[in-house]
Amino acid sequence: MELNPCMKHKVVRGAAREFAEGELGPIAAEIDHQARFPWEAVEKMQALGYFGLQAPRTMGGAGLDTISYAIVIEEVSRVSAGVALCITVHNSVCLYPLLTFGSKEQKARLAPDLISGKRIGAFCLTEANAGSDAGAVETTATAQGSEYVIEGTKIFVTNGAVCGLAHIFAKTDPGDPRSAAVLMVEKERAGFSVGEIEDLSGMRSNPVSSIFLANCRVPAENLLGKPGQGLKIGLSALDTGRIGIAAQALGIAQAALESATRYAKERQQFNKPIASFQTIQNYLADMSTQTEAARLLLYRACALKDAGKPFSTEASMAKLYCSAAAREVANLAVQIHGGYGYSREYDVERYYRDAKVTEIYEGTSEVQRMVIARGLLSRPS
Amino acid sequence: MKIVVFLKQVPAVSELPWDKKTGQLKREAAAGVMDPAAKHALEAGLRLKEAHGAKLITICMGPPEAEEVLREAVALGADRGFLLCDPRLAGADTLATSYTLARAVGAVCPDFDLLLLGCHSADSETGQVGPHLAEELGLPAAAYVEKLELAGRKLMVERVSDEWLETLEMDLPALITVTPRAFAPRPVSMTGVEQAFGGGEVFVLSAADLRADSGHVGWAGSAGQVVRVYAPNIDKKGVLIEGAPKACARELLDRFGDRIGALLAKDLGEAD
Numbered sequence: 001m002e003l004n005p006c007m008k009h010k011v012v013r014g015a016a017r018e019f020a021e022g023e024l025g026p027i028a029a030e031i032d033h034q035a036r037f038p039w040e041a042v043e044k045m046q047a048l049g050y051f052g053l054q055a056p057r058t059m060g061g062a063g064l065d066t067i068s069y070a071i072v073i074e075e076v077s078r079v080s081a082g083v084a085l086c087i088t089v090h091n092s093v094c095l096y097p098l099l100t101f102g103s104k105e106q107k108a109r110l111a112p113d114l115i116s117g118k119r120i121g122a123f124c125l126t127e128a129n130a131g132s133d134a135g136a137v138e139t140t141a142t143a144q145g146s147e148y149v150i151e152g153t154k155i156f157v158t159n160g161a162v163c164g165l166a167h168i169f170a171k172t173d174p175g176d177p178r179s180a181a182v183l184m185v186e187k188e189r190a191g192f193s194v195g196e197i198e199d200l201s202g203m204r205s206n207p208v209s210s211i212f213l214a215n216c217r218v219p220a221e222n223l224l225g226k227p228g229q230g231l232k233i234g235l236s237a238l239d240t241g242r243i244g245i246a247a248q249a250l251g252i253a254q255a256a257l258e259s260a261t262r263y264a265k266e267r268q269q270f271n272k273p274i275a276s277f278q279t280i281q282n283y284l285a286d287m288s289t290q291t292e293a294a295r296l297l298l299y300r301a302c303a304l305k306d307a308g309k310p311f312s313t314e315a316s317m318a319k320l321y322c323s324a325a326a327r328e329v330a331n332l333a334v335q336i337h338g339g340y341g342y343s344r345e346y347d348v349e350r351y352y353r354d355a356k357v358t359e360i361y362e363g364t365s366e367v368q369r370m371v372i373a374r375g376l377l378s379r380p381s
Numbered sequence: 001m002k003i004v005v006f007l008k009q010v011p012a013v014s015e016l017p018w019d020k021k022t023g024q025l026k027r028e029a030a031a032g033v034m035d036p037a038a039k040h041a042l043e044a045g046l047r048l049k050e051a052h053g054a055k056l057i058t059i060c061m062g063p064p065e066a067e068e069v070l071r072e073a074v075a076l077g078a079d080r081g082f083l084l085c086d087p088r089l090a091g092a093d094t095l096a097t098s099y100t101l102a103r104a105v106g107a108v109c110p111d112f113d114l115l116l117l118g119c120h121s122a123d124s125e126t127g128q129v130g131p132h133l134a135e136e137l138g139l140p141a142a143a144y145v146e147k148l149e150l151a152g153r154k155l156m157v158e159r160v161s162d163e164w165l166e167t168l169e170m171d172l173p174a175l176i177t178v179t180p181r182a183f184a185p186r187p188v189s190m191t192g193v194e195q196a197f198g199g200g201e202v203f204v205l206s207a208a209d210l211r212a213d214s215g216h217v218g219w220a221g222s223a224g225q226v227v228r229v230y231a232p233n234i235d236k237k238g239v240l241i242e243g244a245p246k247a248c249a250r251e252l253l254d255r256f257g258d259r260i261g262a263l264l265a266k267d268l269g270e271a272d
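Chains as they are written, first to last, in my numbering: chain P, 1 to 381; chain Z, 1 to 272.
Calculated directly from the structure, the hints in this document are not laboratory data.
PhoX-like, lysine-lysine: derived pairs with alpha carbons at most 25 Å apart:
| hint | chain 1 | residue 1 | chain 2 | residue 2 |
| --- | --- | --- | --- | --- |
| 1 | P | Lys265 | Z | Lys236 |
| 2 | Z | Lys2 | Z | Lys55 |
| 3 | Z | Lys237 | P | Lys272 |
This is chain Z alone, in the form it adopts within the complex (with noise of 0.2 Å):
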């Protein structure tokens, strides 16, 4: 069985500044790790691989820095990493990330039985490059999963949908995002580390190396340009109403008797 994780390396920290022209985010302004929702695939990948022998391969696309996270694969268990680095890569939006990441799973594994990503990144939080990725490869997918159970070539998931939990099966080659509410990633143990750094065992490709369209990745390859890029303006202000008890509540019901209504119909609702 073959496995495929793609990793993410995104800025350690919430918040960024970001570039007012480009819209893109100021990243070089933290440290890199790996993208906690990728961790947690990885950990699910990890896994399957301990239960079942898999063989598992990481693919990251990003600067030459993102080379951590391929050796931080590695020393938790992953067998091999590829990174995606090129200055044509950079700049792509989730269709030419989709379209990138396709192109290397054919030139490095194409022979695959399973796909796992994080069902979004900690930076961007689209949670589109996953079913992208199943599009372009034509694949079987289930996004939020939790649950992951392989039995033959049958794959069994649990995935959160609204208020729902559904339990899907599914023919594998297929491709699964998981949320990070399940699979806790495991700690890099020290034994890794050396082992991850001893041996030659992340490769970087370029965009020829890939085969790649060169219109359809990058820049040029991005269908989708950020406009704007903004903090949410969170404003909340209390309102202090002032006078005689008997006032005080008929100026509060007159002001605000919809919203408290609404509230106390929601109370009720839920009594029944």
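Next up, chain P with everything else stripped away, as it sits in the complex (with noise of 0.2 Å):
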């Protein structure tokens, strides 16, 4: 694995750096404390290629590597981490499944208007009875003529209530775990509706929202993959949107030792820095060693994608460990910002809640745990 960063990966973090240092980091807070999908630099992004990251080029897409992808969404998530999350799940749950389970006809249909963004994308997976336990799903799409007819709730969605396309998990026949499958919905479909966006703790700026899906009909066509594929693409999806998720919790924990750093160094107590006091210096030095194990971790998963090789159980650890740290690197962010830390007008306590979900959504902490020993079992000793 190349250690040090080529010049191209230099190049991609100055442009999405600068793009979310000028245009995110004025609105970062704001976009959180008022809950509030920030659609002007969407679609600033949309123009930009952030829609289409690992797209090929010929298809209008950026044709970034893996590396490159985590890099975007570590810096833009640095800056706001709400932003970035619409960006992942947009990139690595919705269209990367259509690239690579789609038939030629429905990535003509479909992706063009996902890589420019016109359709921002979501994975509909959770229920209220369903999570980790993805066999659990209850919604059905059941087989009419050449359409299916989709019923039933979906919850927690990302992007929900301003996707234009998203994939839902369904099974095709109530009685048997194994017919789960993938319907590509758009959202002006009958029978496609959107619920009240949820009141979260965290990722404020994104809108994510329940889906209902009553008597909604879908032609054949929209199948993704084949009938029965279902927990197969969704697997895969969730092997890259792992690695999105990773990149994201990395970059929250960066915003949250820079901040750290610089007020540590400012902030006076007993006539001087508290950066002097050796707590202080103990904190800063696990937190940035915490996140550099943690960007290694991630970019080697990363490597191993690009190299075409198995890396389901690295993003796993990648995820696994990025998450962790993100969440405790924030939480000494605030310890060492002290009251302050715990005031909404400092970014700290925004990170502190936007990393704790990254040990949750797709596919949480445990479920990492049981993909990295079940990896490991199952070598030959």
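Assembling the complex is the task here: the two chains are given apart, and the hints tell you how they should meet.
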């Protein structure tokens, strides 16, 4: 694995950082406080290729490698994790499965609007009684002539209220857990509706909502892959999704580390900067080490994916470690800020709320451990 | 139409340590970025390219890492870039730099119409290379330009000069340096990045490729030498005058009367 960033990765980082600091920096706190989806910034990101980061250039995408992809998500997240969430979910769990499992016709029909960002993508697996246990979904897609009729309710859908295309996980046979299928549903289909926006602790600029499917009819051509392939498609999408969430967590950790370092040098107590106290130095040393370890683990998973090698275990390790690091680094950043860190006037409070959910969505830390252990135990000893 | 934009890679931080022996900045201590003013010059060039269908070439002198700013320029829309990279070119002052850049233009784009530069770089801020280069090439030049309009072979420019805004008309070919107050640079698009690194649109040239006279480039060709570099010592001290109000006022006028008078006069003058 290349440990020194290549020139391209430096340019990608510079470009994403400049955009994020310039366009998202001034609004990051406000969109969190107001729980507002920043269309004005999203439109700029559409024009700059952020909605087709890894899509082939022949299709109008940016054609970036996975390390570049992670760097972009990391840099956007360093400024606004909420905006990074929109981008990573769109790219890795909506566009990526379409490009990987979609037919030529499906890609020609549905990918251009996703790549340009005209349609924002969503991925709807979670239900009231199904999440980590993906086989327990109760939504059904019943074949009727040349259509599927979808019935069910999805919850905690990232990009829910702004999505133009949603991948719906449903069973074609309610009695058969192996009949999971993925239906691609455009928002204008009759029977597709969006519930109220969730009042969540973090990532508040993303309009996470429920999606209702009531007698929602889609043509059979909107089935992604084959019937019964749903679980395979979902797991594959989540492998890639984990890289995105790990990158998002890394961006939060980096932001928290920078804020805490700056504050520790400025804040005076006992007539000296608090950075001169050994306890604070120890905190900063641990935060910095965890952030760097998280970065290396993530880039390794990305490098494996770019090399066409299996990366599922490594992606889970990266997601598990990066999210824990983000939570811990943000926690210490709040601690270093003292009372101010608990105030909404300071960004570290937002980092702390945003960090927590990276341990929960797109596979909880408990599920990541299951995946890692399964990989470990299935190897011949 | 052919436009050449000169770029420079500068350290990303505002203050750098320097080598006390040579007086040179320790540029390796910070990551390199495209010089901000040069970035504005590139934007000015890209706007002309879009409006008039020009070909845009970039030239940068620097170490191998400086290739990065040429790639970034391609990502932003430049057609190709040339890196002047040779140990013999190192240590150049503004005179040697201007000579080298003039040789480079002659080598890669002798039939240019317009040369664009930033008005001064963020690391050394001399503002000399643009005017020097115009002298080397015998071109009409305008520095600190804020507005550019092209009509046929004539260029209308607006430039700031002290408190004045000048409008000048000049014939092409010409040289312009732009201020960072105008031509706000566009962001690098993600689609541009892969384009910039996918093809071979950046070329490296040595001193020999430029057919440069070795006595005119790098250290050897530099007439100026940095004798000393130091941080300006800004020393402001507060003065506390204590005592009864009247006595304080008297002492204040005794000690600072001249300066207070000057400030009052300035205020009164402005009120007229």
